[in-house]
Amino acid sequence: MAGLPLLSVTIFLPLVGCLFVLMVRGEGQTSQTNAKTVALMTSLATLALACLLYAGFDPLSSEFQYVDEYYWLADLHISYKVGIDGLSLLFILLSALLVPISILASWNSIQYRIKEYMIMFLLLETMLIGMFSALDFVLFYLFFEGVLIPMFLIIGIWGGERRVYAAYKFFLYTLLGSVLMLVAILTIYFQTGTTDIPTALDFEFPQDLQKWLWLAFFASFAVKIPMWPFHTWLPDAHVEAPTAGSVILAGVLLKMGGYGFIRFSLPMFPDACQYFALFIYVLSIIAIVYTSLVALVQEDMKKLIAYSSVAHMGFVTLGTFTFESMGLQGAIFQMFSHGLISAALFLCVGVIYDREHTRLISRFGGLVHRMPVYAVFFMIFTLGSVALPGTSGFVGEILVLISSFKVAWYLAFGAGLGMILGAAYMLWLYRRVVFGPIINDSIRTIKDLNWTEKIVFAPLLAGVIFFGIYPKPVLSLTETATANILKAYNKSEEIEEALVTEEIEQSSTWLN
Amino acid sequence: MVKLIYSIWSVIPQIIIALTALMLLITGLFQGKKNSSLITYTGVLSLLVAALATVSKPANIDRFGSSDFLAQNMFTDTMQVFVLLITAVVMLATHRQLEKDEMNRFEYPVLMMLSVLGMLFMMAADDFIMFFVGLELQSLAIYVLVALRRNRAMVSEAAVKYFILGVLATAFILYGISLIYGFTGSTAFFVIRDRLAGGMLAPIILAMVFILAGVAFKISLAPFHMWAPDVYEGSPTVVTLFIASAPKVAAIVFFIRLLYGPLESYEEIWQPILQMLSVLSMVVGVFGALFQTNIKRLLAYSTIANVGYMMVGVASVSIEGIQSVLLYLVLYMIMTIGTFSFLLNLRRNGDMVNTIDDLKGLSQVSPKMALAMAVLMFSLAGIPPLAGFFAKLMVFIAAINAGLYTLVVIALLTTVVGAAYYLKIIKTMYFDEPVATATERPYDLNVSRETGFIITAAAGINVFFFLAPGPVMAKAWEVATVLFER
Numbered sequence: 001m002a003g004l005p006l007l008s009v010t011i012f013l014p015l016v017g018c019l020f021v022l023m024v025r026g027e028g029q030t031s032q033t034n035a036k037t038v039a040l041m042t043s044l045a046t047l048a049l050a051c052l053l054y055a056g057f058d059p060l061s062s063e064f065q066y067v068d069e070y071y072w073l074a075d076l077h078i079s080y081k082v083g084i085d086g087l088s089l090l091f092i093l094l095s096a097l098l099v100p101i102s103i104l105a106s107w108n109s110i111q112y113r114i115k116e117y118m119i120m121f122l123l124l125e126t127m128l129i130g131m132f133s134a135l136d137f138v139l140f141y142l143f144f145e146g147v148l149i150p151m152f153l154i155i156g157i158w159g160g161e162r163r164v165y166a167a168y169k170f171f172l173y174t175l176l177g178s179v180l181m182l183v184a185i186l187t188i189y190f191q192t193g194t195t196d197i198p199t200a201l202d203f204e205f206p207q208d209l210q211k212w213l214w215l216a217f218f219a220s221f222a223v224k225i226p227m228w229p230f231h232t233w234l235p236d237a238h239v240e241a242p243t244a245g246s247v248i249l250a251g252v253l254l255k256m257g258g259y260g261f262i263r264f265s266l267p268m269f270p271d272a273c274q275y276f277a278l279f280i281y282v283l284s285i286i287a288i289v290y291t292s293l294v295a296l297v298q299e300d301m302k303k304l305i306a307y308s309s310v311a312h313m314g315f316v317t318l319g320t321f322t323f324e325s326m327g328l329q330g331a332i333f334q335m336f337s338h339g340l341i342s343a344a345l346f347l348c349v350g351v352i353y354d355r356e357h358t359r360l361i362s363r364f365g366g367l368v369h370r371m372p373v374y375a376v377f378f379m380i381f382t383l384g385s386v387a388l389p390g391t392s393g394f395v396g397e398i399l400v401l402i403s404s405f406k407v408a409w410y411l412a413f414g415a416g417l418g419m420i421l422g423a424a425y426m427l428w429l430y431r432r433v434v435f436g437p438i439i440n441d442s443i444r445t446i447k448d449l450n451w452t453e454k455i456v457f458a459p460l461l462a463g464v465i466f467f468g469i470y471p472k473p474v475l476s477l478t479e480t481a482t483a484n485i486l487k488a489y490n491k492s493e494e495i496e497e498a499l500v501t502e503e504i505e506q507s508s509t510w511l512n
Numbered sequence: 001m002v003k004l005i006y007s008i009w010s011v012i013p014q015i016i017i018a019l020t021a022l023m024l025l026i027t028g029l030f031q032g033k034k035n036s037s038l039i040t041y042t043g044v045l046s047l048l049v050a051a052l053a054t055v056s057k058p059a060n061i062d063r064f065g066s067s068d069f070l071a072q073n074m075f076t077d078t079m080q081v082f083v084l085l086i087t088a089v090v091m092l093a094t095h096r097q098l099e100k101d102e103m104n105r106f107e108y109p110v111l112m113m114l115s116v117l118g119m120l121f122m123m124a125a126d127d128f129i130m131f132f133v134g135l136e137l138q139s140l141a142i143y144v145l146v147a148l149r150r151n152r153a154m155v156s157e158a159a160v161k162y163f164i165l166g167v168l169a170t171a172f173i174l175y176g177i178s179l180i181y182g183f184t185g186s187t188a189f190f191v192i193r194d195r196l197a198g199g200m201l202a203p204i205i206l207a208m209v210f211i212l213a214g215v216a217f218k219i220s221l222a223p224f225h226m227w228a229p230d231v232y233e234g235s236p237t238v239v240t241l242f243i244a245s246a247p248k249v250a251a252i253v254f255f256i257r258l259l260y261g262p263l264e265s266y267e268e269i270w271q272p273i274l275q276m277l278s279v280l281s282m283v284v285g286v287f288g289a290l291f292q293t294n295i296k297r298l299l300a301y302s303t304i305a306n307v308g309y310m311m312v313g314v315a316s317v318s319i320e321g322i323q324s325v326l327l328y329l330v331l332y333m334i335m336t337i338g339t340f341s342f343l344l345n346l347r348r349n350g351d352m353v354n355t356i357d358d359l360k361g362l363s364q365v366s367p368k369m370a371l372a373m374a375v376l377m378f379s380l381a382g383i384p385p386l387a388g389f390f391a392k393l394m395v396f397i398a399a400i401n402a403g404l405y406t407l408v409v410i411a412l413l414t415t416v417v418g419a420a421y422y423l424k425i426i427k428t429m430y431f432d433e434p435v436a437t438a439t440e441r442p443y444d445l446n447v448s449r450e451t452g453f454i455i456t457a458a459a460g461i462n463v464f465f466f467l468a469p470g471p472v473m474a475k476a477w478e479v480a481t482v483l484f485e486r
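If you're matching them up, the sequences are chains A and B in order.
Its first residue numbered 1, the first sequence is counted upward by one per residue in the working numbering.
Its first residue numbered 1, the second sequence is counted upward by one per residue in the working numbering.
One chain only, chain A, in its complex shape (with noise of 0.2 Å):
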């Protein structure tokens, strides 16, 4: 294996896969059947791959690893460059892991223009990938960005009643947060002469500046995040969506703005980071509680767990304020959770949606006579979402919880509100689908799960129950890299303690 870059391979592997998918001839189930296959087999070398690179990842060691770099636009220096740490590593395992989950999600529900479905996924995965992996911004900024076209696709193609709405919300709101961006990446450029982020990372930016090019990527990470009051495209998106879609979204896509802020906006910026901390904090705070309220009131499933994902990830950008290796350390894990939860619930909606064609709350109830499989994971699912002990959503709001105490207490208070509202939305939801009588009569002839849906359910049921009891794979993988990123916030903290320290001794010299 030496001397393959394996994480280009990694990245580029799915785009290969498009070209065997498109290659698929003929008409007719055979060819279909081949293509899902085919993109299968695609997407599950691809999760070995990201296996593999976690097999030779050095979790110590605060470099980082597998990186390939290329010429690109030489005379710009602009280059082709790829590497990871335990952050990025984390959130190329959950993509690799959901992309298979959503193409075997859809073998039997997606029914029309397979082959195209298919490249779209495989498509949607490298660029995912690259988006994790890039240490260019230019790099960054194409693949984050080259994840729209796909995503337009899926919603737009394959969506509900009013997926073009959707899909036009979804494109150009994210499009419009991105373009901040991509002038302060260029300001970056301009500043450093280069768009190597980890020269970036390192790069002092004067104070000023910091606070417009932090405004420039909160413009672009809020939105696809998203934070209240920006997150009014993804009930739309989520709603319209093919299941598959929704997963890939909530599991993975939400994550693009968490790791964003993580990855830039806290070690580039820590000046303005702190200037803003406060506005974070009240926006987190009211999507917890204001958007748990709106769950509340959902009739239609879907949109109800797309406002619990806002909610989740007012929890993210709480701990990614609090600028403590936990509270950070517990937004990470908790996206990682929430990547694998909201997935699970979606498909918990995709499969009942499949067999009866609603996702209306009040067309369901009694389901437990009928499905008893189905209502033991979707339980099991729906804990995880209220964050019960021993699930993974545990300990991502714990550590959460615990850090935003240290900061303020009410912070603590208004996160608390929101697990308690979340557990009564999450928590009245199953109670109304699952429990009572069989009102709906199509109900009485439902079908438990099949083989192919129980495989899909397997492996994120296995995740969060493990990570839930023995988070240490996890919290040990990203451990070096959040330190890393709070280097600039301890420096500025051992600073001020040598300040205190000096006042001390002088006034102790003063009184002697």
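Keep in mind that the hints were calculated from the coordinates and are not lab data.
Heads up, none of these hints are tricks.
Some residues of chain B that are not near chain A, with every Cβ distance over 10 Å (derived): (1) K57; (2) S156; (3) F163; (4) A171; (5) V209; (6) I461.
List of simulated lysine-lysine pairs, DSS-like, C-alpha gap at most 27 Å: (7) K368(B) to K115(A); (8) K360(B) to K115(A); (9) K303(A) to K169(A); (10) K487(A) to K211(A); (11) K360(B) to K169(A); (12) K161(B) to K100(B).
Since the structure is predicted, the reported quantities are computational estimates derived from the model, not experimental observations.
Cβ coordinates follow ideal geometry from the N, Cα and C atoms, glycine included.
Assemble the complex: chain A is given as a structure, and chain B must be docked to it using the hints.
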């Protein structure tokens, strides 16, 4: 004697084009009114030979053969080759479409060649007289081209509108030139540059404004863009394709040479004017395009916006700026030619497809064409990793380096609005169901071999540009530096 030979050699491309055009005119008269493959292919061949002749000129030709009338440097040569190649491609793309459009006359390729001849002189002009002759030859040939199918009301309207406004613009330019002549006593660029270097003169500023307005008309820069949507819509698509390609390049090249040549000492006057025009163009272009239902009108507004983006690069006044404009120009031409070739091939009941709604469900009827068009649209919208993104990126890098932050922010915001209408075309092709009645096929899709190749190549270049942008960028840089060597 040596000097004479070199002098002739330096205009060999022009001579080739002129002689072939006249020869084809006579051949056409003898063979009857119809256009024929013979005429088109001879025309294409002569354009390619002319391009080859430009490339293979001896390097030291300007030392011997330089005249006061024509510049001979790498900038003009490269742009000449570019224009010649574009025209050859356009001629190939339109060849088999003429018949369907009742435009199958031998004058079509001949007029195109005469227009190109004008462009060659205009781009390389080192003297206002030379420039003016070139400009007129170029424009007159196009006026006739637009009017070729004069029995349709819309075509006549477009032709008259184009002609009258075009002549007005020419009059502006001519007035400006005469003012400059009056104050400097010369029409030669190098003399004017030297004499203007001393200080600012109010009448010269006035003259400059007149000339800028006239050229802005030719490249459809807002607020001198009014003609573009009507002419684009009214002309037969075979002609629209031509109007949208080579003449735009020629006018932009001349614009750059004018500003960076004789008028360079007036930079602090024209730079803000250019910024203003650029903002206006971008805004007018994207908002104008937003509510269009006719594709050709939409593309006209899109051109207006794109010329606005190019002017951001010109306003940067740096090698990077010019480099980015040249890159933008090349990529934009590829997209334009691809898009129009697509339109040329799409007919319904024998008529050209005109409204966006006609594209409904195209992805199901003809997946390949729809894919190519979708790639071109995403690229025009500037979405990475397609080529259009790099074009915009380079322009913005140059502008940021020049400190034009406001301009860049406005430009970026307009790209978001712009994305909306490009997406509308993709949406119509991919998200909507095809409308087909029982009796007729929804489209008669008979893509000719030439256009099929051109569309595929255009889409392919846009997709794969990101793999190796280096050589094109390096060439653009090399060419751009010529303007700053003095």
